[in-house]
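Residue numbers (numbering that gives the first Met the number 0), protein chains in the order written: chain D, 0 to 294; chain E, 0 to 294; chain S, 0 to 294; chain H, 0 to 294.
Among the hints, erroneous ones may be present.
If several chains are the same, the list does not tell them apart, and a pair holds so long as it fits within one copy or across any two.
To be verified - As a list, the in silico BS3-like pairs of lysine-lysine whose alpha-carbon atoms are at most 25 Å apart: (1) K90 with K224; (2) K37 with K72; (3) K189 with K55; (4) K37 with K26; (5) K256 with K26; (6) K189 with K167; (7) K256 with K189; (8) K26 with K55; (9) K120 with K167; (10) K94 with K72; (11) K26 with K114; (12) K114 with K90; (13) K256 with K224; (14) K291 with K16; (15) K118 with K291; (16) K72 with K224; (17) K26 with K90.
Read the hints as simulated data drawn from the structure, not as lab findings.
In this text, all values refer to a predicted model and were calculated from it rather than measured experimentally.
Protein chains: 4
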Amino acid sequence: MDDSTDVQSRQVEHRFKITRVGVTNVKKPIVVDRPTGKRTLNAIIDVYVDLPSDQKGSHMSRNVEVTSDLVDKTVREPVEGLENLAATMCKRLLKRHEYASYSEVDIRSDYFLEKTSPKGKSSLENYQIRAKAEGYRDREINKYIGVTVIGLTTCPCAMEGVREKLRKRYPDIAEELNEIPVITHNQRNKTTLMMEVPPEREVEVNDLIEIVENSLSSSTHEILKREDEAEVVIRAHENPKFVEDVVRDILSNILEKYEDFPDKTHMEVKSESEESIHKHNAMAERVTTFGKLRE
Amino acid sequence: MDDSTDVQSRQVEHRFKITRVGVTNVKKPIVVDRPTGKRTLNAIIDVYVDLPSDQKGSHMSRNVEVTSDLVDKTVREPVEGLENLAATMCKRLLKRHEYASYSEVDIRSDYFLEKTSPKGKSSLENYQIRAKAEGYRDREINKYIGVTVIGLTTCPCAMEGVREKLRKRYPDIAEELNEIPVITHNQRNKTTLMMEVPPEREVEVNDLIEIVENSLSSSTHEILKREDEAEVVIRAHENPKFVEDVVRDILSNILEKYEDFPDKTHMEVKSESEESIHKHNAMAERVTTFGKLRE
Amino acid sequence: MDDSTDVQSRQVEHRFKITRVGVTNVKKPIVVDRPTGKRTLNAIIDVYVDLPSDQKGSHMSRNVEVTSDLVDKTVREPVEGLENLAATMCKRLLKRHEYASYSEVDIRSDYFLEKTSPKGKSSLENYQIRAKAEGYRDREINKYIGVTVIGLTTCPCAMEGVREKLRKRYPDIAEELNEIPVITHNQRNKTTLMMEVPPEREVEVNDLIEIVENSLSSSTHEILKREDEAEVVIRAHENPKFVEDVVRDILSNILEKYEDFPDKTHMEVKSESEESIHKHNAMAERVTTFGKLRE
Amino acid sequence: MDDSTDVQSRQVEHRFKITRVGVTNVKKPIVVDRPTGKRTLNAIIDVYVDLPSDQKGSHMSRNVEVTSDLVDKTVREPVEGLENLAATMCKRLLKRHEYASYSEVDIRSDYFLEKTSPKGKSSLENYQIRAKAEGYRDREINKYIGVTVIGLTTCPCAMEGVREKLRKRYPDIAEELNEIPVITHNQRNKTTLMMEVPPEREVEVNDLIEIVENSLSSSTHEILKREDEAEVVIRAHENPKFVEDVVRDILSNILEKYEDFPDKTHMEVKSESEESIHKHNAMAERVTTFGKLRE
Chain D
0 MDDSTDVQSR QVEHRFKITR VGVTNVKKPI VVDRPTGKRT LNAIIDVYVD
50 LPSDQKGSHM SRNVEVTSDL VDKTVREPVE GLENLAATMC KRLLKRHEYA
100 SYSEVDIRSD YFLEKTSPKG KSSLENYQIR AKAEGYRDRE INKYIGVTVI
150 GLTTCPCAME GVREKLRKRY PDIAEELNEI PVITHNQRNK TTLMMEVPPE
200 REVEVNDLIE IVENSLSSST HEILKREDEA EVVIRAHENP KFVEDVVRDI
250 LSNILEKYED FPDKTHMEVK SESEESIHKH NAMAERVTTF GKLRE
Chain E
0 MDDSTDVQSR QVEHRFKITR VGVTNVKKPI VVDRPTGKRT LNAIIDVYVD
50 LPSDQKGSHM SRNVEVTSDL VDKTVREPVE GLENLAATMC KRLLKRHEYA
100 SYSEVDIRSD YFLEKTSPKG KSSLENYQIR AKAEGYRDRE INKYIGVTVI
150 GLTTCPCAME GVREKLRKRY PDIAEELNEI PVITHNQRNK TTLMMEVPPE
200 REVEVNDLIE IVENSLSSST HEILKREDEA EVVIRAHENP KFVEDVVRDI
250 LSNILEKYED FPDKTHMEVK SESEESIHKH NAMAERVTTF GKLRE
Chain S
0 MDDSTDVQSR QVEHRFKITR VGVTNVKKPI VVDRPTGKRT LNAIIDVYVD
50 LPSDQKGSHM SRNVEVTSDL VDKTVREPVE GLENLAATMC KRLLKRHEYA
100 SYSEVDIRSD YFLEKTSPKG KSSLENYQIR AKAEGYRDRE INKYIGVTVI
150 GLTTCPCAME GVREKLRKRY PDIAEELNEI PVITHNQRNK TTLMMEVPPE
200 REVEVNDLIE IVENSLSSST HEILKREDEA EVVIRAHENP KFVEDVVRDI
250 LSNILEKYED FPDKTHMEVK SESEESIHKH NAMAERVTTF GKLRE
Chain H
0 MDDSTDVQSR QVEHRFKITR VGVTNVKKPI VVDRPTGKRT LNAIIDVYVD
50 LPSDQKGSHM SRNVEVTSDL VDKTVREPVE GLENLAATMC KRLLKRHEYA
100 SYSEVDIRSD YFLEKTSPKG KSSLENYQIR AKAEGYRDRE INKYIGVTVI
150 GLTTCPCAME GVREKLRKRY PDIAEELNEI PVITHNQRNK TTLMMEVPPE
200 REVEVNDLIE IVENSLSSST HEILKREDEA EVVIRAHENP KFVEDVVRDI
250 LSNILEKYED FPDKTHMEVK SESEESIHKH NAMAERVTTF GKLRE
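Construct the complete structure from the given sequences, taking the supplied hints into account.
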């Protein structure tokens, strides 16, 4: 069958460009080679190109072929970073879709990392990672890498409100109540950090996870025996945080860690707490560039 | 077209009975008439019958017709209880599906109730309600009604672990630390109570919501100004609860409230806490009858 | 308590601006007054403001108060359009958060509309609607309204591939096979249209729903008796569509319907088909302005 | 700290038994050793025990420890079947929770299998697998294994309705229209098969996947070039199926494949089609034992 006679190449009725067209929710195992050893990620992948106004349809099977070819190869040749795999896919997409001027690949996956509790007990903790690349015919590929971390926030505002009340109720220890961490509401928090990886630079997802965990009231741990549990609770209450604080601390830590990254480096941080005293969530977000933050 | 010649009535190759066949995820607004006024619920409805081994297919459009006829009528004649609507639908289904011996209807919906915070501020709180009915040709219909409530639990175990640690760290106020509520982890909790409504009896969902909220460490509130917030936090910490405690308190309160309900009355309670110090959840459940609980 | 001494107003450690901070997932019933009568929508609402670099925390309870005040009022004074409610909320947010320069409100809800099948049978069909507003201190509010519609697409590419094969297999009717609609794969499609509502203009969601449904291979219907079912299947196959076609037809229909809207009017269309022959989805999207489309 | 003095062992206020208490949504990578090679599954695990009426709380951290110990060991010693891992976990749980008489483990995971399209193109297809075990002190462990498969169903009823209409519209080829597959609606279908694995027997998930795929109108494939696509469409339309047919064909195929399994072997099959002409789904289900099916 001649490709030039296919339905995709027929006359277009309404000649509008399509921003993105492709396949979403393709599931694939990807083998990555980390400093800590090879591991298999179960990924969900979206693969797009643009479509000019005079082309009726995009050849979507090519998107899946590019995905299969490059992802299945990782079993024999593991990739070092998901964002590099996404970038390679973007280049190949532009080759296969001769009518496209833009390509985009978005990869999400569960991810596991060995972590240690305050008392030294180690366990495998679960995170989500995400990589993205945007390809152009006439300029360099944009690459992004990101993590989503589940952690713990304790509310600084309620803590002060409670402290006042307790001081009135227990006047004998009013002074001590200013020193000890007092009760407040705390909650499961989900924080996502996504940043651009400039050309010739590298970003290690394990570092991003560490930066996010250090910016929360406390990290969470799958196994906490009694001693450890008390320790985590105390630390979290010595470190009360609004979602705004979490976002700002991450911004600050990222700027410091990647101080030589160019001003145009893009960055997004979003922190959402599943409020325990409300049915709704509290959310703070910053979408920006390194340059704006350095101002 | 003669129904006897339709595809559904053709020869069956593998003559096995089908336990349930029907339509799921039908969305419909339902108007209910509550003591507190008429309200419109946006419901999701599943509608099933069984299918004997010698009938090839079930006439699924009849399920949707029964749903439309009876649900759309509520605009003019609001129903008093969702479980009664489900029961009426079950009867009609058995009439329309002459080959069926069983019918089942399951209705879920968001639900709103005005609630008052400790300091007297009122707000409209969100809940989920669920009604279910199972119809038979040869015996009475089973009806069920249930609620899902988002609330707050504080962990009694971590509270004790923390108290020990704090007493060592602040020996001067060791005695007072036994009296005051100390820090622990607390979390968003989702508790579901589903119970049978015996013939000739009534169960008010608002009562079920109250019973669940009273069995949690605290109810949650959409609006809490600073005073209120501190009050909720203190109450919740004066009332630490395992998910097991939440389930048992509900069982006890239900038994007391509906003390004249027969022994065979079915009941299910499930309480799940989105742990703030872990990435996983904690869950406790009891599936039972009033008779078993009275033993 | 003096607001100036609250935790939110304390010294900020890392002085970065926050793009958006607020509450998400607030559930509320909203009463709207449509030409077809009053109806209650069960909405999910997100409410944000920005936060300057020198303010530690945003007063989130104000977001919920603004929501409660304005939404609960709709019971007595129903709103005409959700985007207008969102805009009013944006104004009030800027009043309550004196430190904010931006506010944003996002409202999603199920929505029902009476529709008629090809053979004239009417049923209540389910849609999702979404309204959004962005408020600024120094310029006009941006308002958006949108719909999500579930419909049916039939694949034009597979239809041609099948036609060729059938012509070879049944050479006696090869000519007729060019005329009749032949088999192809078809699937559930979810299409979202979101557009800006310029100042002094109005957009009726029912019109948006009609435009989307007319751009699909066919609309879907909750009740289809046998005659109707065949009719829908034939129509859908006489009208095969790629997701790219769906997007372009909507763009064309919108441009025509709102021909007097200004060039800067923003618009987004996204069409996603749950492919029946694949486990993944096919998606096409255009994000643009009226001006770009008119070029 | 002495376990006998912990909060979990304190006096119980309302002495009711708890049916299941434990942790849900624990995420872990599991290494399994299949005839086709070792692979890493990213699993979600629920781990429960029961709780007697006189024990206040269950020691939930033991559930996570049992999970970590046995699952993390699979990196060095891969397990052969998930249901055997679940069974080993059940035994260990009863050892660790001396007060429990019941234990339960439920494991779900994505799963990939290489499949071949009609024209011989191979691709890695995605499935879900699930394993479950129920442990008792006084009798053998129950083990279950299951799969969820995404496939394609074409409606036999609409096909006949359409055929009648087309015959009237094209009387010249009325006879041929009885022979060729005609248009109908077809849709993404999700079918789940879960069955008990009797003691001393084995069930291979790849076999279950094959049985389900053979019982659908067609399997789905990630990559289908034009020839293949037409082939899949034609096959699917030569093989129209109600969800009832899918369930019955699976029951029949399972009975034949495992003909020596005992009568009490439990089995559940559920097939749900995302209707392309409706917004709701069609579902059929059978919950039964081999003995009942053999009657």
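Now the hints, each set against the structure:
1. K90 with K224: between (49 Å within a copy, 22 Å between copies)
2. K37 with K72: Classified as both: same-chain Cα gap 14 Å, cross-chain 17 Å, threshold 25 Å.
3. K189 with K55: Classified as between: cross-chain Cα gap 20 Å, same-chain 41 Å, threshold 25 Å.
4. K37 with K26: Classified as both; 19 Å inside a copy, 19 Å across copies.
5. K256 with K26: neither (33 Å within a copy, 30 Å between copies)
6. K189 with K167: Classified as neither: same-chain Cα gap 35 Å, cross-chain 33 Å, threshold 25 Å.
7. K256 with K189: within (22 Å within a copy, 39 Å between copies)
8. K26 with K55: neither (27 Å within a copy, 35 Å between copies)
9. K120 with K167: between (40 Å within a copy, 23 Å between copies)
10. K94 with K72: within (18 Å within a copy, 44 Å between copies)
11. K26 with K114: Intra 27 Å, inter 14 Å, cutoff 25 Å: inter-copy only.
12. K114 with K90: neither (36 Å within a copy, 27 Å between copies)
13. K256 with K224: neither (33 Å within a copy, 39 Å between copies)
14. K291 with K16: between (32 Å within a copy, 10 Å between copies)
15. K118 with K291: Close neither inside one copy (40 Å) nor across copies (44 Å); limit 25 Å.
16. K72 with K224: Between copies only: 20 Å across, 42 Å inside.
17. K26 with K90: The answer is within: 20 Å in one copy meets 25 Å, while 34 Å across copies does not.
Taken one by one, the earlier hints fail for this structure at numbers 5, 6, 8, 12, 13 and 15, listed in ascending order.
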